[in-house]
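Student: Listed below are the residues making up each chain.
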Amino acid sequence: MKINPALSSMVREIRENSLKERQHSRKIVNWVEDHRLPTGAGKALVLILPTRGCSWALSKSGGCSICGYIYDNPLQPDYDIMLHSFKEILTQKIEKDLKYSLKLFTSGSFLDTREVPLEIQKEMMKEAAKYDQIEEIVLESRPEYVTESVLDNIAEHIEISKIEIAIGLESANNAILQNSINKGFFWEDFVKATNRIKDKGARVKAYLLFKPPFISEFDSINDILESVSKVADLGVNTVSINAMSIHRGTFLSQLFEKQLYRTPWLWSLLHLCQEIKQKFPDMRLICDVVAGGSERGAHNCGECDKEIISILKKFVLNQDSSALKEEVTCSCKTEWRSFLFSEKISNSEILDIYR
Amino acid sequence: MRFFQPLSQHGLARVLAETRTRTHLSPGLIAIEKPIKSDGYSGFFDIVLPPSYSSTEKNFNLHWNILEAKKDKALTTSFSHSLQPFYPSSVVAELSEKDFQSYTEKFLELEDAHKHIYTLPISFINSAHFDSVLDTDVSLISLIGLDKIFNNQRKLAEVLIGLKEKVSPDIAIYLPGPTSPAHYSFLTYMGIDFFDNSLAYHVSKKGYFVLEDKSYFLSKHPDCYCQYCTQDPRNILGHNDLMMKNEIAKVRFALEEGILRELVEKDIHKSVTFAATLKHLDNNYSNVFRQRTPIISSSKLKCIGEESLTHPVIIEYRERIRTRFEPAPGKKIVLLLPCSAKKPYSFSRTHMRFRGAIKKAGKQIFPLLSEIIVTSPLSVVPRELENIYPARFYDIPVSGVWSEKEIEITSRLLLDVLAHYPKNTKIVNHMHGHGYQQIVDVVKEKTSFEVIDTAVEKSPTDQNSLNELGEVLSNLSKDLMYDREKYVPSKIRKLQATADFQYGKGTGQILFSRDIKIRSKYPKDLQIFREKKHIATLSSRTGYLSILPDIAQEIIDTTLNKLEFGAEYVSGSNIYAPGRIKADETILPNDEIFIIHENRVIATAKAIVSGVDMNKMTSGSLAVTKKKLKVKQ
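As you go down the protein sequences, you meet chains H and P in turn.
The first sequence begins at 1491 in our numbering and counts up by one.
The second sequence begins at 55 in our numbering and counts up by one.
If we strip away everything but chain H, and leave its shape as in the complex, we get (with noise of 0.2 Å):
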């Protein structure tokens, strides 16, 4: 069994009182970002389509235990709506003389049919393959809806090595994956997906999640540093570090109202890209931070918030780890340290340290 039962119970409870407040929204939000290519700077087309989400989420499983991106997606997607848009907002966003990676995300699996049908798939895949300046198309999913037919169905329609498939894996230590995340998958099913795509000639990023609940940051910066190397021995070489921030109506904004959750420290985030970047030089490793400097977010003191979160964009776009070198002193900076062993020897408790 994939799942803990109890705490996949709890996660689902708390799901369904959340889904009844589920917001509809059939707009495709779209944005352009910098972003780095496999050949360089360039710029990111995000995506996020309406579909009707993650089947996961909805599942009686209650979904994965942090997120709640689920929320924004509509009970009824209207497919026509969504293609017309998604032509309108090429034709709009992309501009001649740029590169560009289109993102394709729907808060869930692209590669799930339940998710955007086949025929869908297909016209989305025709229509990216017009533009010469889409260097790369990246679609997340789930590692169970990446089947043969649905990567040749994409073949067919686009140049496969254009492809990135980006899947959460977020772990590769099962007992997080199954007692933390409640994510229903484990580090076999990765592996298979992985390969599966690899042999299809298109690439593999894997989405890493720093510091879910229950996991110390201590122990959370270990898992990431073990995580990213068993990804690299399996020749993923995009991983994307996703420090943990609250979404609402989950299990693990419940934890962190209850003050029984601290959101990662931005040091952890500039020591594991130190780290990951020595030890694997030629590895492209993503680091955006999500809602940085916030309560929610991966956050500091709040004196040298924006300095690192600037230090780790700059890191980003570039893959040049002398922006890592950059000193950057703050007093807050032994704190996180003795924070770590804290956190680490009391079980993940966290301390209330005005006693």
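Since no wrong hints were added, every one of them can be taken at face value.
Here are the computed distance ranges between Cβ atoms for each label pair: (1) 1524/H x 274/P: 40 to 46 Å; (2) 284/P x 1783/H: 31 to 37 Å; (3) 278/P x 1511/H: 49 to 55 Å; (4) 100/P x 1783/H: 32 to 38 Å; (5) 1815/H x 267/P: 40 to 46 Å; (6) 1530/H x 287/P: 41 to 47 Å; (7) 1749/H x 310/P: 35 to 41 Å.
FYI, nobody ran anything at the bench for these hints, they're computed from the structure.
As the structure is a computational prediction, the values presented were derived from the model and not from experiment.
Backbone N, C-alpha and C fix where the C-beta goes; we use that ideal spot for every residue, glycine too.
We have chain H; now place chain P onto it with these hints.
Tutor: Below, chain P alone, put in the same frame as chain H:
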């Protein structure tokens, strides 16, 4: 074999040492990273913060600061911290309970070398899984979640007492995480053995400036001129660290000196919660502390706050007066006297004047007269016990005003003591003032004794009062006859009363009834001879006796200080836990105890821990041998 052994005990606080090297480790501070100099720390973690690819070892170790020269002798010099539960106990029981069970199962399967540090969330203190860990050689319990109940005095007391009642004193308790050193003394008193210096690192704008009375915000605090604060730039981490080390050193010193309770009574004024917790402890768990606090001591007992009324030693003293004190036979007059600042009372000018007045009644008065000093917080001190601890060692701020509680406690014990005297005993009250008057009023109301007041108008030292005392006693003695047969000289009476107080009721009569001679004089120790044989010594330092093993044999059926031992004779200078069959639970640390094998006293010894704890310990030293029975070859 467990790693720790207690070297001394005072309430729930202990000095803990490595079993073989006897290097003091607790109460102690643990550095969370390897310090440049290990001075002042009991140990350090070799954890790498933050972890990196080069820190290959996933686990980390706690290294003890054992002297280089003694390291070869030590059982081990480090503990590995290898296992923890997966879920914190703050999550719902559905998740944490099963997880805690599986954690414990995995822990029990570890090799002995990795079974040193056990993580215990406070919510599982009463769990049967935890009980099974206590049967192993686990050495250190890392107590998790205590900070959540730091402001709940009732819960805090319950949890820590519950834990201490459960675990053997050779298991140390570590409270990880940021703890203000202002709380060290109280937490040590409640049984915590180790803290760490993680608070010292909180030096950001939201950080702390640690001082002995409290932790201040860095933005506003009193100046400090320590070596770290005077350097440029200031080294706050260094300063904080120094303060923490100094505070733990004070606590350890107080514990070694036997004055921890006094330090606690002073320090609780730093925290409202802790002040309330101490009251709660004294009201509800006084036995737990009383059973473990030495009564043999020679340190000054400063009774300043109201907390002193419920000081474990003072409770124990009153209890022993109640259950072990018996007036000498033939006494027909009880003289109630006020206390004096100078101790022993007899050496004070006021008591010398009382004695002068008593003498005027004639020599025949002494066999008839029983003198009782009424005082707070001890309540009642019979003249024959004025030299023992704590009677000779306490100090109080005299205001002349007695609180309701003091009056109630004092009069209750006085009534209990007076109940031992025959109905026709006359009571002469030579005390003056509102508080004393109220106490005597209780006696008048609740008993049928005839009470004669001799210092109603003026103070007891006033010449008129003294004259009246002399006259009253002189008149009384005319009508009363004393029984020459029963009369015990006061010097011998003192020995008897001390023995009863120390070894148990009735022992004094057995030991000191025949031809007794006392050699040497105060301030030297008194050497006591019976029928020309040296049988005992009375320490002038503490006021307590020590007797020889063959003499102790006489009181074997009466004494409350027995430790049944499994071997025929004691080898070496320590009594170790594995040899213990059963210890009397009345034994307190520092007590003179009798090591017994098959109903024979084979040695006398000085207890290190209480009898209650002796029965719990599975390794380590229980007592230090004093005299062994000489075996005829």
